[in-house]
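With the hints as constraints, model all of the structure from the sequences given.
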Amino acid sequence: MVKQKLNSMIQKMTLDEKIAQFMQLATPFYKGASSEGQITGPMAEMGITKDVIQNSGSVLGASGAQETMEIQTAHMKENRLGIPLLFMADVVHGYKTIFPVPLAIGCSWDTELAEKSAEIAAKESAVSGVHVTFAPMVDLVRDPRWGRVMESTGEDPYLNSRFSEAFVRGFQGTDLTSDLNRVAACVKHFAAYGAAEGGRDYNTVDVSERALREYYLPSYKAALDAGCEMVMTAFNTVDGIPATGNKKLMRDVLRAEWGFDGVLISDWGAVKEMIPHGVAADESEAALKAFQAGVDIEMMTACYVNHLKSLIEADLLDEKLVDEAVLRILELKQKLGLFDNPYRGADVQLEKEVVLSAEHRQTARELAAKSCVLLKNESVLPLNTSQNVALIGPFAESGDLLGPWSWLGSQDEAVKLADGFKMKLESSKLHTARGCEIEEGNKSQLVEALEAAKKADVIVLALGEHSGMSGEAKSRSNIRLPEIQIELIKAMKHLDKPIVTVLFNGRPLDLHGVIDQSDALLEAWYPGTEGGAAIADLLYGDVNPSGRLSMSFPHSVGQVPVYYNCFNTGRPPEHAQDEYVSKYLDIPNEPLLPFGFGLSYTNFAYSEARLSRDAITEKETLQVSVKVTNTGEASGEETVQLYVQDLAGEVVRPIKELKDFGKILLHPGETKEVTFELSEAKLRYHHSDLTYKSDPGKFHIYIGANSTDVIALPFELLKENEG
Numbered sequence: 007m008v009k010q011k012l013n014s015m016i017q018k019m020t021l022d023e024k025i026a027q028f029m030q031l032a033t034p035f036y037k038g039a040s041s042e043g044q045i046t047g048p049m050a051e052m053g054i055t056k057d058v059i060q061n062s063g064s065v066l067g068a069s070g071a072q073e074t075m076e077i078q079t080a081h082m083k084e085n086r087l088g089i090p091l092l093f094m095a096d097v098v099h100g101y102k103t104i105f106p107v108p109l110a111i112g113c114s115w116d117t118e119l120a121e122k123s124a125e126i127a128a129k130e131s132a133v134s135g136v137h138v139t140f141a142p143m144v145d146l147v148r149d150p151r152w153g154r155v156m157e158s159t160g161e162d163p164y165l166n167s168r169f170s171e172a173f174v175r176g177f178q179g180t181d182l183t184s185d186l187n188r189v190a191a192c193v194k195h196f197a198a199y200g201a202a203e204g205g206r207d208y209n210t211v212d213v214s215e216r217a218l219r220e221y222y223l224p225s226y227k228a229a230l231d232a233g234c235e236m237v238m239t240a241f242n243t244v245d246g247i248p249a250t251g252n253k254k255l256m257r258d259v260l261r262a263e264w265g266f267d268g269v270l271i272s273d274w275g276a277v278k279e280m281i282p283h284g285v286a287a288d289e290s291e292a293a294l295k296a297f298q299a300g301v302d303i304e305m306m307t308a309c310y311v312n313h314l315k316s317l318i319e320a321d322l323l324d325e326k327l328v329d330e331a332v333l334r335i336l337e338l339k340q341k342l343g344l345f346d347n348p349y350r351g352a353d354v355q356l357e358k359e360v361v362l363s364a365e366h367r368q369t370a371r372e373l374a375a376k377s378c379v380l381l382k383n384e385s386v387l388p389l390n391t392s393q394n395v396a397l398i399g400p401f402a403e404s405g406d407l408l409g410p411w412s413w414l415g416s417q418d419e420a421v422k423l424a425d426g427f428k429m430k431l432e433s434s435k436l437h438t439a440r441g442c443e444i445e446e447g448n449k450s451q452l453v454e455a456l457e458a459a460k461k462a463d464v465i466v467l468a469l470g471e472h473s474g475m476s477g478e479a480k481s482r483s484n485i486r487l488p489e490i491q492i493e494l495i496k497a498m499k500h501l502d503k504p505i506v507t508v509l510f511n512g513r514p515l516d517l518h519g520v521i522d523q524s525d526a527l528l529e530a531w532y533p534g535t536e537g538g539a540a541i542a543d544l545l546y547g548d549v550n551p552s553g554r555l556s557m558s559f560p561h562s563v564g565q566v567p568v569y570y571n572c573f574n575t576g577r578p579p580e581h582a583q584d585e586y587v588s589k590y591l592d593i594p595n596e597p598l599l600p601f602g603f604g605l606s607y608t609n610f611a612y613s614e615a616r617l618s619r620d621a622i623t624e625k626e627t628l629q630v631s632v633k634v635t636n637t638g639e640a641s642g643e644e645t646v647q648l649y650v651q652d653l654a655g656e657v658v659r660p661i662k663e664l665k666d667f668g669k670i671l672l673h674p675g676e677t678k679e680v681t682f683e684l685s686e687a688k689l690r691y692h693h694s695d696l697t698y699k700s701d702p703g704k705f706h707i708y709i710g711a712n713s714t715d716v717i718a719l720p721f722e723l724l725k726e727n728e729g
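In terms of my numbering, the sequence shown is residues 7 to 729.
There may be inaccurate statements among the hints.
Subject to a maximum C-alpha distance of 30 Å in a straight line, what follows is the list of computed DSSO-like cross-link-like pairs (lysine-lysine) [to be verified]:
| hint | residue 1 | residue 2 |
| --- | --- | --- |
| 1 | K18 | K428 |
| 2 | K665 | K725 |
| 3 | K499 | K461 |
| 4 | K704 | K625 |
| 5 | K9 | K382 |
| 6 | K503 | K449 |
| 7 | K56 | K341 |
| 8 | K11 | K122 |
| 9 | K428 | K499 |
| 10 | K315 | K56 |
| 11 | K669 | K633 |
| 12 | K326 | K83 |
| 13 | K480 | K382 |
| 14 | K449 | K435 |
| 15 | K253 | K9 |
| 16 | K382 | K688 |
| 17 | K725 | K699 |
| 18 | K122 | K688 |
| 19 | K18 | K449 |
| 20 | K83 | K37 |
| 21 | K326 | K254 |
| 22 | K496 | K461 |
By construction, these hints were calculated from the structure, which means they are not laboratory data.
Structure below.
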């Protein structure tokens, strides 16, 4: 009945009105916007007519209940058929209450808390008038030079998939129509955007279809299986064709194979960018290729509104495809309840109570603490309140803790690190100084820092990248801290006092000059609105660090890409007696800090690892058990990780693959047994002919605290008639 009603509406629409539904414009184009009339630069050059604006389908970047309601009111007065606008925005890791960046959330290995963060972001967004968020970003990442690694949850397809579905559940809930506290999710960037050559944003991606399906596609599929309503195309090429015009990727895989019938949107300007890519001669050809590929909404270029009509009139494009795309857009509007209530959950008064509430901030504090990773600790942490502390560095009193995709987050409302220390420590025991800026400094700053450090029992250095060094278009070839900060560490080291370094950054760094000069090192990433409070909780032991790396840290940039689930070679270093093996002369093959790594204020011992049987058939399930004991003096949370290696596949298989994990809380002296179930389905992979199946044969199971420190257990998968 609903589809029939919408099809009836489509029959009443003119072709121009249909095509205008595909146009997504930024907020300044619309009446009622706070910035109305301020269309300058590239936006002014788009040549968008009044008719297109009043018939357009969606708005990009509007914020606040008042503004979105005024835009919608003005639009409904002018739209002939009363079709409401969709309001979309980049609510990546929080609306106003900013959570840690997604790479940090990935290091929590806590999908339940990740889901809660998305639920809170949705609640704040919905009450402020937003209908769709451009999240989650689930691109698998292996190259820390790429600025957008901060927007992913890491290098592993299984872990990324678990977070992908968790974020979608959090954003959308179970019923978008009746639950006005939820928003539609848009998974991005389809596909393989994280594999850009050289870690350079927007650059070429060239991976085999087998690698694409094995590593990059699973997390998108997980989002769709969780009910994600929208998909955004990637800027990059896939098999030589830009994703936005890639018919095989969008029509064949996404729609036909996976059955996705939701809305597909381009990234900003991506349709027109097919011209410089070199696959379209002009805007008309770009429009034709993108539309034939299945892209429904064009974001911030006008190829569709300027050329689709003439393409149809020239019999180069079937109008039935236009009707199908319009229907998908209207169905999403219907699902969100916009035809019955164009303002949906927007509420000016409730917005004041919900946004950045104390309850939301508390969840942000908890997730920030769980996302930090303790990388080194030589009996320096936790601190105690009797110590005099010198808090030194460009992040000591900085509000730049939110990250580059925090949109409406306020640095003024963020809890700074110094504020966090003041919650724990008498003011007379805290001595702060900048020491230097992020990328430069002067002698007087260093002198001030040295004077503060001389008064202290322990030095806490707050160092890192400012948020403008990470995120979109922020690729870096040098992933060390700026030299001025390395010099600050050296100067502090001469005082012969314990040094605790806290890092704020959006990517794994080359830590030479940092980890070796620090007695303790805490990776805090961009921890969000409650970052300073959460870090102080960790440093003083009120919370025990439990974060585990979701992306490997390299020895140097020359090793990149480096990741745990790599292939072996025919000449692995450990299997050869001469120099002709696959290795570097100057650094190890392995990362400095491996995937899954993280320390605690206690210690965990693994014992009695065992399998329920030595061999299984395709219809049987293997139980993998291990006992974990807290051998230290503090309660702590451990993340038990299960990996598998297929010893002889039809194609080369990774040396390890994460297949499951579990988080357990253990008190001092407590032992718990953790059991995983491993079925034949988890042993499947894409063969050379792209069939997805397992092979009978021998396997290794690895179980332990990270991808390196594991216990190995052999087993065999038998053919059914061998059982």
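Results of checking the hints against the structure:
no., hint, in the structure
1, K18 x K428, "64 Å, violated"
2, K665 x K725, "21 Å, holds"
3, K499 x K461, "15 Å, holds"
4, K704 x K625, "17 Å, holds"
5, K9 x K382, "58 Å, violated"
6, K503 x K449, "21 Å, holds"
7, K56 x K341, "28 Å, holds"
8, K11 x K122, "36 Å, violated"
9, K428 x K499, "25 Å, holds"
10, K315 x K56, "17 Å, holds"
11, K669 x K633, "13 Å, holds"
12, K326 x K83, "29 Å, holds"
13, K480 x K382, "28 Å, holds"
14, K449 x K435, "25 Å, holds"
15, K253 x K9, "26 Å, holds"
16, K382 x K688, "34 Å, violated"
17, K725 x K699, "13 Å, holds"
18, K122 x K688, "27 Å, holds"
19, K18 x K449, "72 Å, violated"
20, K83 x K37, "11 Å, holds"
21, K326 x K254, "20 Å, holds"
22, K496 x K461, "18 Å, holds"
Hint check: violations occur at hints 1, 5, 8, 16 and 19; the rest are consistent with the structure.
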